[in-house]
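Asker: Using the working numbering, the first residue of the sequence shown is number 2, and each one after it goes up by one.
Any given hint might turn out to be false.
[Unchecked claim] The calculated DSS-like cross-link candidates involving lysine-lysine, where the alpha carbons are at most 25 Å apart (straight line), are:
id, residue 1, residue 2
1, K161, K111
2, K218, K179
3, K111, K218
4, K218, K161
5, K161, K221
6, K221, K111
7, K179, K161
8, K259, K179
No wet-lab data here; the hints were simulated from the structure.
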Amino acid sequence: MNESRIQRNARLLSTRSLLVALTLCAALLVALLFSSPVAHAFFEDQYENLEYALHPSPALAYEIGARHFDGTNPAEYDIDRATYFFQLAAEQDPTYPYLYHELARISFLKGNYAHALAQINFQISMHGDSEPNSYYERALIEAYMGDYADAGRDYQYFLKFDPNGWAGLNDYAWVLLKTGRPHDALDITQQGVARFPDNPWLLNTNSIALYEVGDIKDAKTQVQAAETAVANITQAQWLQAYPGNDPSIAAEGIAALKHAIDVNMHSILLASATSTVQLKQP
Numbered sequence: 002m003n004e005s006r007i008q009r010n011a012r013l014l015s016t017r018s019l020l021v022a023l024t025l026c027a028a029l030l031v032a033l034l035f036s037s038p039v040a041h042a043f044f045e046d047q048y049e050n051l052e053y054a055l056h057p058s059p060a061l062a063y064e065i066g067a068r069h070f071d072g073t074n075p076a077e078y079d080i081d082r083a084t085y086f087f088q089l090a091a092e093q094d095p096t097y098p099y100l101y102h103e104l105a106r107i108s109f110l111k112g113n114y115a116h117a118l119a120q121i122n123f124q125i126s127m128h129g130d131s132e133p134n135s136y137y138e139r140a141l142i143e144a145y146m147g148d149y150a151d152a153g154r155d156y157q158y159f160l161k162f163d164p165n166g167w168a169g170l171n172d173y174a175w176v177l178l179k180t181g182r183p184h185d186a187l188d189i190t191q192q193g194v195a196r197f198p199d200n201p202w203l204l205n206t207n208s209i210a211l212y213e214v215g216d217i218k219d220a221k222t223q224v225q226a227a228e229t230a231v232a233n234i235t236q237a238q239w240l241q242a243y244p245g246n247d248p249s250i251a252a253e254g255i256a257a258l259k260h261a262i263d264v265n266m267h268s269i270l271l272a273s274a275t276s277t278v279q280l281k282q283p
């Protein structure tokens, strides 16, 4: 009787769980002996592996994946590990909320736009309006693929669910500019700037729209405001705007935004000087 109970208990611990537990002990020893960031990260990874091995579920896999796909937490960010756990979740339950949305975001960040589009289409086919952020993600993917017409439709649809978010307004205006609709882009960015007067992305796009419709004076005012606003932007704010991006490129991303504003500033100031000269001519 006792022997049978022991045998049953022994079968509860799988070979895989035992190996993971031994690895965890080894990792703990390394962490205690060397107490380095590398050892700590290794220990954390093995703890997650053991946690999942003992309690496998799509919810836990998604939770761990999301933890490693959060750019606002640089210590945990690991896009490959996030991919691994999101895929584990997909193997168990491909319909899990926002799962394929996250997989599409990863494919997009890796530059695999076609795969990202297929994944986000699968996400939308399953969840539709119940997870409206996926329309924003699809619009972003379509825009980077040069499909501005479909991107515009998806941004417009997304804004029905989130009409006050600055990112949706800014990106929609960018697509409108790409499709030769500067007046519409101006209307959208004016709405955005009214709500977010110190947002460098919106101020910059608004200055471009003003420039495109021929309002050089106001374009100059807005691009100067964008230059002031971007000077104060922090890496934390940039990561908040791009939450899935690698935290290590935050400084590079801010520099790219500053450069874009500088280029626009040069073009607008040049146009302003030219128009001033023309006004003085008889």
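Asker: Hint by hint, work out which the structure violates, then give me just those numbers in ascending order.
Answerer: 1, 3, 4, 5 and 6
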